[in-house]
Amino acid sequence: MRAFFGVLLALAIGALFWWGMQTKDERSELPSALAGRPAPTFDLELLPSSREVWGERLNLSDYLGKKPIILNFWASWCYPACYEEAPILEATWRRWKDRVLFVGVNTQDELDAAEKFIEQFGISFPNVYDPRGKVGIDYGMYGVPETFAISVEGRVLERFAGTISAEKLESMIREVLP
Amino acid sequence: MRRWLWILVFALGLAGAQTVGNEPPPDLPPKVFEIAKKLRCPVCRGESAAESNAGVTEEMRRQIAEMLAEGKTEDEIIQYFVDRYTEWILYEPPKRGLGLVVWLAPVIGLGLFGFGLYSYLRATSRRAAELEGVSDEELARAEAELGRDDEGGPPS
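If you read the protein sequences in the order shown, they are chains A and B. Under the numbering used here, the final residue of the first sequence carries the number 192; numbering is consecutive throughout. Under the numbering used here, the final residue of the second sequence carries the number 157; numbering is consecutive throughout.
Worth double-checking, as some hints may not be accurate.
Here are the computed lysine-lysine pairs in the DSBU-like style, where the Cα-Cα straight-line distance is at most 35 Å [to be verified]:
| # | chain 1 | residue 1 | chain 2 | residue 2 |
| --- | --- | --- | --- | --- |
| 1 | B | Lys73 | A | Lys148 |
| 2 | A | Lys148 | A | Lys130 |
| 3 | B | Lys96 | B | Lys32 |
| 4 | A | Lys80 | A | Lys148 |
| 5 | A | Lys148 | B | Lys96 |
| 6 | A | Lys81 | A | Lys182 |
| 7 | B | Lys39 | B | Lys73 |
| 8 | A | Lys130 | A | Lys80 |
| 9 | A | Lys148 | B | Lys38 |
| 10 | A | Lys80 | A | Lys182 |
| 11 | A | Lys148 | B | Lys32 |
| 12 | B | Lys96 | B | Lys39 |
| 13 | A | Lys182 | B | Lys32 |
| 14 | A | Lys182 | A | Lys111 |
| 15 | B | Lys38 | B | Lys73 |
Honestly, the hints are just simulated from the structure, not real lab data. For clarity, every value in this text was computed on a predicted model and none was experimentally measured.
Generate the whole structure from the sequences, applying the supplied hints.
Written out as structure tokens, the structure reads:
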């Protein structure tokens, strides 16, 4: 009887370990409460470098329903992750800008440092300035960088946390293309 | 004696510093921290939104303060964060579903430990009782045999 309980206990502990080992890295797999839900909108000032082409402010609801959107949260202090993905974002944006809109949300940053970052990587898609990081909370963001794919219907389809690769970004775009 | 006095003063100083560190800064009402304590820091995980100094938790506290000023209730504020982060954002897991396992695990563990301890003690006392039942004559004979084994046994 005692041996039976011992085996049962060992099996239970083994199962617990197995379950723990199966759990993937939660950084990029964290559940998004927004999956399938309408993308929260915002109306924020654009960074000075974006104003010439995109105007003073960007209201996301003006663009929802027109094109799929890739929304990327970043900050100049987010090193090296944001620095690694910035050239990937810019190159991908240049390839897809006729069909997809990229919007950067500079979060909890200093304006000068953010501008320097934009200049360093020659970023040409619009970037809004969110010094408080309010939009990040609306999107249930855990930390920069984070990227969201929004369908042409204005729904959040996917969320990726961490440095995004060119392959992942391309697959997110293909998912949101109508 | 003087040394002990210094140690006491130092310990009290540390305790005081700790108390001061846990108090909310004057620009936010204590209720903000009361609610923030129930929410998890999204970046640091192990800390609540009240303890953490991460930028995101600073903004969470600011939003809680704004919502309180708007007259929102504690439940409404917590729901606001759950809507954005799922129940993962709750610092204490909910007492249902998978969260219930977290709450029950220590109780089950304690129960198993108690059962193991009880089984061990019962077995020990049973062995002691069995020994009590052995007569002096039998004990003497056993000891004599053991002694003979020691003498006659092969050298170790």
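- Unmet hints by their number, sorted upward, for this structure: Number 13 only.
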